[in-house]
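Undergrad: Sequence:
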Amino acid sequence: MTSMTKFTPIALLMYLAPLFATGATPAEVQAPEWEISLATGYGVVENPIEGKRDGETYFLPNFSYYGERFFFSNLTAGYTLLENENIYLDLVARPNEDGLYYQLDKNTTASDGLLSNFMTHFRAAADPADVERNVSIVAGPSFTLVSDWVDVSFSWFHDVSDVHHGSETHLSFDKQYPLFGGAIGFGIGATQKDADLVSYYYQFTEQEAGIYYNRYALAFPAADATDTYARLHFSYPLSKNLELRLAARYNRYDEAGRNPRFIEHPQTLNWFAGVQYTIGSGQ
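Going by our numbering, the residue at position 281 of the sequence shown is 277; the numbering climbs one at a time, nothing skipped.
To be clear, the hints were calculated from the coordinates, so they are not data collected in a lab. Every residue gets a Cβ at the ideal spot worked out from N, C-alpha and C, and that includes glycine. Treat the hints with caution; some may be incorrect.
Cβ-Cβ distance ranges computed for the label pairs, FRET-style [to be verified]: (1) G206 / P233: 51 to 59 Å; (2) D126 / L78: 40 to 48 Å; (3) V148 / G206: 43 to 51 Å; (4) D158 / N237: 39 to 47 Å; (5) L238 / L85: 33 to 41 Å; (6) Y173 / D126: 24 to 32 Å.
Starting from the given sequences, assemble the full structure and let the hints guide the process.
TA: What follows is the structure in structure tokens.
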């Protein structure tokens, strides 16, 4: 991680907005329902990729819509196949998080990279700071079991955008509870990413590595990786439409299957603190 990039709304929306998820179940949503909110405060996304900038923001928009079957929430879209009080099954499409890390400093990397390539044409080895990767769209089924104590979600997503042809499997435990007139929520989870996905985002190509390609391939062969996280958020109403919002997410990245030159820090923290103004059909 290096210096901050101040205006990266798309990537920050993906990483920070889920921290504010209310955990509403289909039984609690009176479809159709929509909501738009804007949080102002300060938030940071720490970038685990070597040489890539962290993201920071003073504003965080959120938007969601839940219809009879179709729904979207920020950058995630889905269609509900089955729902009742305790179970729901959705088809979901969303951007892959790993690709968004390469977008956090997109506004400066292009110009910096041109100069860097010119000045270091005969560099000794590839530098992750010069590597660019595309954002993929992954899609697949998502199953959630709702209970009074915890909601359990299991999802499997595959690349449908012809970027890396890989897949990822998610398991999470989430819930929100009332506290001091507000609400506190927690979540823990794990994401297994297959070798195709890991290789694309965390290995050098032969063109990038040059004469070092075989050495890297033997020393750090691509393999499945399992990343884990824990998150916590708190909200407190200040008025009908205004809330205090505090949220944080701790991430731990599995170094197995990744070239260690890509991971500067295997542990990162994303957080946001501020106030949020919300309008919508439920307000």
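Undergrad: Hint by hint, say whether it matches the structure.
TA: Now for the hints, and whether the structure bears them out:
| no. | hint | result |
| --- | --- | --- |
| 1 | G206 / P233: 51 to 59 Å | holds (58 Å) |
| 2 | D126 / L78: 40 to 48 Å | holds (46 Å) |
| 3 | V148 / G206: 43 to 51 Å | holds (46 Å) |
| 4 | D158 / N237: 39 to 47 Å | holds (42 Å) |
| 5 | L238 / L85: 33 to 41 Å | holds (35 Å) |
| 6 | Y173 / D126: 24 to 32 Å | violated (46 Å) |
Comparing the model with each numbered hint stated earlier shows that hint 6 is the single one that does not hold.
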